[in-house]
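A.B. asks: The primary structure of each chain is shown beneath.
There are 4 protein chains.
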Amino acid sequence: MSDVAVAEVGLFDRAWKRVSLLWRDMAASVGSPTADASWEGRMRACLEARGGEVSARARAAGLAQSYQTAPEAVDKLAFFQALAGFDSDFKAVEAAMGAVSAAQDTASRAAAKAKLRQALEPPRLKLLTQFTTIPDGMKFLVDMRADLMLLMGHDPMLQALERDMRGLLANWFDLGFLELRRIDWSSPAALLEKLVGYEAVHKIRTWRDLKNRLDSDRRCYAFFHPRMPEEPLIFVEVALVQGLSGSVQKLLDEKAPVLDPRMADTAIFYSINNCQRGLDGISFGNSLIKRVVTLLAEELRGLKTFSTLSPIPGFRRWLEEQKDAPDLLTEEEAKSLTEAAGTPDGNAAIALVLAARRPLALPWIGKAEPVLTRLCARYLVLETGKDGRRARDPVGHFHLSNGARVERVNWRGDTSEKGLKESLGFMVNYLYDPAKIEEYHEGYVGEGSRPATTALRRLARGSR
Amino acid sequence: MSDVAVAEVGLFDRAWKRVSLLWRDMAASVGSPTADASWEGRMRACLEARGGEVSARARAAGLAQSYQTAPEAVDKLAFFQALAGFDSDFKAVEAAMGAVSAAQDTASRAAAKAKLRQALEPPRLKLLTQFTTIPDGMKFLVDMRADLMLLMGHDPMLQALERDMRGLLANWFDLGFLELRRIDWSSPAALLEKLVGYEAVHKIRTWRDLKNRLDSDRRCYAFFHPRMPEEPLIFVEVALVQGLSGSVQKLLDEKAPVLDPRMADTAIFYSINNCQRGLDGISFGNSLIKRVVTLLAEELRGLKTFSTLSPIPGFRRWLEEQKDAPDLLTEEEAKSLTEAAGTPDGNAAIALVLAARRPLALPWIGKAEPVLTRLCARYLVLETGKDGRRARDPVGHFHLSNGARVERVNWRGDTSEKGLKESLGFMVNYLYDPAKIEEYHEGYVGEGSRPATTALRRLARGSR
Amino acid sequence: MSDVAVAEVGLFDRAWKRVSLLWRDMAASVGSPTADASWEGRMRACLEARGGEVSARARAAGLAQSYQTAPEAVDKLAFFQALAGFDSDFKAVEAAMGAVSAAQDTASRAAAKAKLRQALEPPRLKLLTQFTTIPDGMKFLVDMRADLMLLMGHDPMLQALERDMRGLLANWFDLGFLELRRIDWSSPAALLEKLVGYEAVHKIRTWRDLKNRLDSDRRCYAFFHPRMPEEPLIFVEVALVQGLSGSVQKLLDEKAPVLDPRMADTAIFYSINNCQRGLDGISFGNSLIKRVVTLLAEELRGLKTFSTLSPIPGFRRWLEEQKDAPDLLTEEEAKSLTEAAGTPDGNAAIALVLAARRPLALPWIGKAEPVLTRLCARYLVLETGKDGRRARDPVGHFHLSNGARVERVNWRGDTSEKGLKESLGFMVNYLYDPAKIEEYHEGYVGEGSRPATTALRRLARGSR
Amino acid sequence: MSDVAVAEVGLFDRAWKRVSLLWRDMAASVGSPTADASWEGRMRACLEARGGEVSARARAAGLAQSYQTAPEAVDKLAFFQALAGFDSDFKAVEAAMGAVSAAQDTASRAAAKAKLRQALEPPRLKLLTQFTTIPDGMKFLVDMRADLMLLMGHDPMLQALERDMRGLLANWFDLGFLELRRIDWSSPAALLEKLVGYEAVHKIRTWRDLKNRLDSDRRCYAFFHPRMPEEPLIFVEVALVQGLSGSVQKLLDEKAPVLDPRMADTAIFYSINNCQRGLDGISFGNSLIKRVVTLLAEELRGLKTFSTLSPIPGFRRWLEEQKDAPDLLTEEEAKSLTEAAGTPDGNAAIALVLAARRPLALPWIGKAEPVLTRLCARYLVLETGKDGRRARDPVGHFHLSNGARVERVNWRGDTSEKGLKESLGFMVNYLYDPAKIEEYHEGYVGEGSRPATTALRRLARGSR
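Chains as they are written, first to last, in the UniProt record's numbering: chain A, 1 to 464; chain B, 1 to 464; chain C, 1 to 464; chain D, 1 to 464.
Excised from the complex, chain A in its bound form (with noise of 0.2 Å):
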């Protein structure tokens, strides 16, 4: 019975409960053990629709209320192998694919590569949709996909079975559904404590700080799905500030004066977070960055620049691996950084820069700068990743791919241990100016090209 009493609550909480009284030998009928208790029969009996399409989704709705409180993975495990075994029926797809090979001309062929298509459906989509309607159904569809990505290893038919969810979910997701909301000190308590769990990037510390980071020149935008409404997707975090940020902790410094937002030239865009894991490889962070700037370009007609202040991940990893290379340092580096540190050669001196846990403490790192600063600029212009195309650092690649260009290496950006131990404190702004968009993704995208500014192009060809 309590089954039912899941099923279809949804807004019709109270309703339902009492309801239920009234319905009983439905309940009864649907909650009463059925032949097969096993997982696959219990989705058998989802499946077949006994007693109607409400009925089944009541019997759905147990089922998912079973997976939930499943004590273990292995039973969540089993639960996906069951699933997973709703696949199409071969025999059907066999004469499905041998109508397709006999049709002679493309209408025809259009004919029966509609009916292969259907014969490939597999059952087990149908059982994943009657998920939806259980109350906070695509939440859990969401998180269930994340388990599935945690336990399906390489095994294929869970593998298939994470496509049809990725494809359902794709559907669902889909950017014409998702709203826009702005996140302020006035949004729920509620919510704004996800916040705190979902920022990954520059962790949020206290209560002050996150006033701090949604006060007036201050904005915070988060895309949400109707069918999810408490539960943020994806949010950036941006600061109305005069002249392009060159440093991530006098952003989020609680005591720096607040500015009328009227009186910004630039809106920095310094955080930006996937909230699910169960949407990955679906993709938000594009569009949200281009609605809040039309957003904010609208409000607040004082704002010229848009740009980036963005962690470069790979940088210190890039260097490790690349310090044995000879031509990584002019003669001229290499002999200034040996004086500087003391060291016999140049390259030893960067490993020690890179041996230390906190290079901003070493006494001559001032003198290590302007090589530091080049060696980042190469990195984020021309260095690429293995397919020899794509920018190497992967925060560089989404912006890189939106239509940004690499505008401004800033030294000391982000001096918090994960900045040193990261990129050694370098942090860097993407620029989006709406008339080269288009351009630069095409350029990016097609060929490859990499733009930057002129100064940076040349700071990071220097040593070649």
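Hints are computed from structural coordinates only; laboratory data are not their basis.
No incorrect hints appear here.
Which copy is meant is left open, so a pair is good if it fits within one copy or across any two.
Straight-line Cα separation of at most 30 Å, DSS-like style, residue types lysine-lysine; simulated pairs:
1) Lys203 x Lys255
2) Lys139 x Lys115
3) Lys115 x Lys386
4) Lys250 x Lys203
5) Lys139 x Lys255
6) Lys115 x Lys76
7) Lys436 x Lys126
8) Lys194 x Lys139
9) Lys139 x Lys76
10) Lys367 x Lys323
11) Lys211 x Lys194
Given chain A, work out where chains B, C and D should sit, using these hints.
C.D. replies: Frame of chain A, contents of chains B, C and D only:
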């Protein structure tokens, strides 16, 4: 440029209008005549996503606008033909079919099938999805499918396209996304005006008639979709009464006294209407009725009976086909009718009734009532359609599939011209008994059994 | 018991219904017949607040219900008489007056006056305030004052009561509490239905007429009070047009093409209606017009002119009174009219016009137009009421007090029966020029100066 | 000009900002230095309403802004003195008093009194009312009264002004205007932050503490005013528990398990806080408690008992005053205490207890418990204030006036520093029994009777 303005407008209408100046270069390049301005050329531009997804959607918005303002059906047909042309690549499909055939074990077969499904996915799906982002994009797609169903004829390519659209819409309009809302006299006039347009069972004649249908002893509920918030998908009108209602004219009488709804013991569902032709084949009615039963049972504890008062659209046609059947009437009936009508035989009297513009005006019609009632019961309880299984009456089939039973046949239930013409004025009550719904549904769907009261069943069988 | 149920219902309607069982003893004691069940006895029970304020308000709610269901005007009159009887205590007033007379310095006089004010405060005010807690209590009080104004006649006690009510309501309906809302075709039908009832200047004939008045080139705004959220207090209808409108029939023509509001340069306020008789004497019109001018100027930058198109309700009556005045017509005018109408002298011609049920139907009326126009200008710009100062026309007085000026007189401005009867079809534009409002207001209120265009002023003075 | 911009902003903030250009001439004249820029001169300008009411309110807004930015208390004092000076005209009052004295019959006396009331109405009331139109005008008035109460001292003019403000606010903050809202973890963070600031009974230490107080077995309700929608007026915190709670530390323990609220049989009101000093003397607490009791009783049918867990702020002070009273202790008590504490006589022992900063730390305090408990019961049930009638304890007086009874005294009920200092750690439950509220209220207010359980009553009387 206008394309961009349309593209993302949504809630941000005014924002976009002005920001379009800021984004002018982007806009210009999007709006610039592409090499190929044909439907096909423009569709290709959307699918190639030059300049990124946001630009592509801007182009799709332009395409949508062109479609909407296309002057002639022939232009729309050309649009659909171009769109249908973006089918899956046959070579890729052939290769993927080969891999399926070659796979040896279940796991590799599963993987191969998943790839085949992907290969079969027609690119036009992506373009259709891009339309969701435009304002009122969902309504645009629904209306587009309605157009397509009118225009497609027997063209297999267009039929395949139609199936694609149906699949997409079925996904997006899954029950899990629908919102049940009550409509009453406090609802927006713009929405009520739509109800007037969509009500097809018992036409709403005036605003006074409408207000009467939304009075305190009436209820109206509709399903809505979050992306079409001002468009009802389906709605049901309910009267709260004492005892089963047998006459729709009495129900709609504006001068009838208003009942305190807490005194009602019966809810009569007297009109249910689908509003969107473009959602044909995606069924909401069953779920709507059950949700409303649940809601009402909770709100008004006095309600014990949930029943429809339904038209019998096929009765007269069936009777005409039967009028010369030798076993139509019992001997006694034939005699009684012959006397009453002064005609040579009872069947001829029936024919006379059928021929009359206003059968109720025949002086001897009262004599014919028992005969016609019996025939009506027979039509509803025994007669089947071409498949020899389903109830012949389409409204009957709908309610029996949902798990209702045939409860009572009402002479003079609908004395409107339409009622007399379709069913000689008869109406029928289908009763929803929560305790029996599942059983009845199973019986009807499984074995074709036709639940009805014993009295009706006897009456129906009377002449056999 | 029902009294308690009514008392605090408010938003918590259903809650109270059930909790009333819990509170049954309290309810019983409140509901028990007091020693004195007369209006006066029950009022005394409320004022004594036996059982605390919450109980007292429960009793007040019962009293309100009895008032509302009182069958005859005479019962309501008795209610008012009883209520008026709860006046300040004369002995206490006398003592306090003595203290005021005895006070020597400003400070002690201030204290004594404050005490006298307190002594003068009639207990009935407290009871009136208790009515605010009942559901729709504010509407109840407003309607009660409307009743009182009808029934009070010249009874000084009832007039004093009426003044009390007006004072209370003026406090509660201060501008600071009012909410300006736009009304359009998406507003609740129940609200639109009220508009139809309240529109008295240009009757709304049909829902189609109403919809036309809420179209995209029309605006309608109303003030609402937070405690009467479904009741408009006053509303104004505005047409967005090009150039000054001179004909209300053209404005209301349902077949006229709709103008893109961004193309409009002029906003015409063509109807303003007070909705609550019980708020007579508490003025919102001035503020409403100015708020709407502000809003429109912001929304539609193209708007440069804000003007009314107003009736001239007193013109015909004035003209009739003047018809034998020797200087009404110039010699020339008299001659021209006499010729045209074929009557012996000019005044008789005017009389003829006045007598005509349908002046526009007279064959020679075109000849009379310049004369009538001049007289209309004179009536508006020069004629005064009994005080020798205020504009004689009441609508004119309202707009001139608000700081408008007389802009243009329109022949055939309102050819409805009412328009012809009241003003021979003339209408007038009062223009609100934000830069002049304060000056015009001061001039009119201070010195009785009557702002008008030079042309109108000359025309008005023509015959003098 | 800024004055105008501020004046009517309200919801139309942005609208005004731009339209102020349109209205520039009006603005200029309003903003122009009046002949007299003193407080008095500016107040006079508002009252004269030159340019109409809208202009006057613009000026009042400017005045409000000057008040808010006045640098020193002395400026505010000058503001209040100027405002107090706008008193009723003494000549007019004298004349009106004469007319009252001269009136012979009730009717003409009523009329004369009404006129006298009008003559006594000080013009400053009108100016105060003009402040309602500014954004946050209601909060401005409330805060202004708080300032005035601080500054007025014994100045009779300022006291009269304060009474005026209180009268106005009492009218506007009548129960009929208040909205009861539940506050929970989904409420805006900005609102929750205010709660933290306003909670004075049991300080909220951290966001975690706050979240714990808003958990599913806790409730928090507040009254709001429609014109101060983001400012709570008063709020109450409730715990849903099983059986009467005797310890606030246990209630606030963040680690205590959460109770399913449907299992609760008792609602404990453990903190009630007024938030606006400027509303002192306008009482909401009684009504808030009763509304919340009603709501909870409806929502959770299992609740049978509604009780407070209250501090006893005056107990320790009273005890100190009594310490030399001869009959404070019985002989036996004195002996037992003397032995326990090792002091020569009982009273000294009490003194010792009183002196102790941390009574619970005394080794023999357990021995003292029965004595202290008895004295606490006596304090609550028998002791009166100066008038010889009211309960001496102010919290006790509040709840007894509301119709509660003294239910139980709790040793170690509040072991916080404040609790120990004020009441040696004792707390008390006041019980609200819906069936008795009216009777208890009447008894207490009428005859000063003090409802309590028989046990407590006996205990209290023990030593007499």
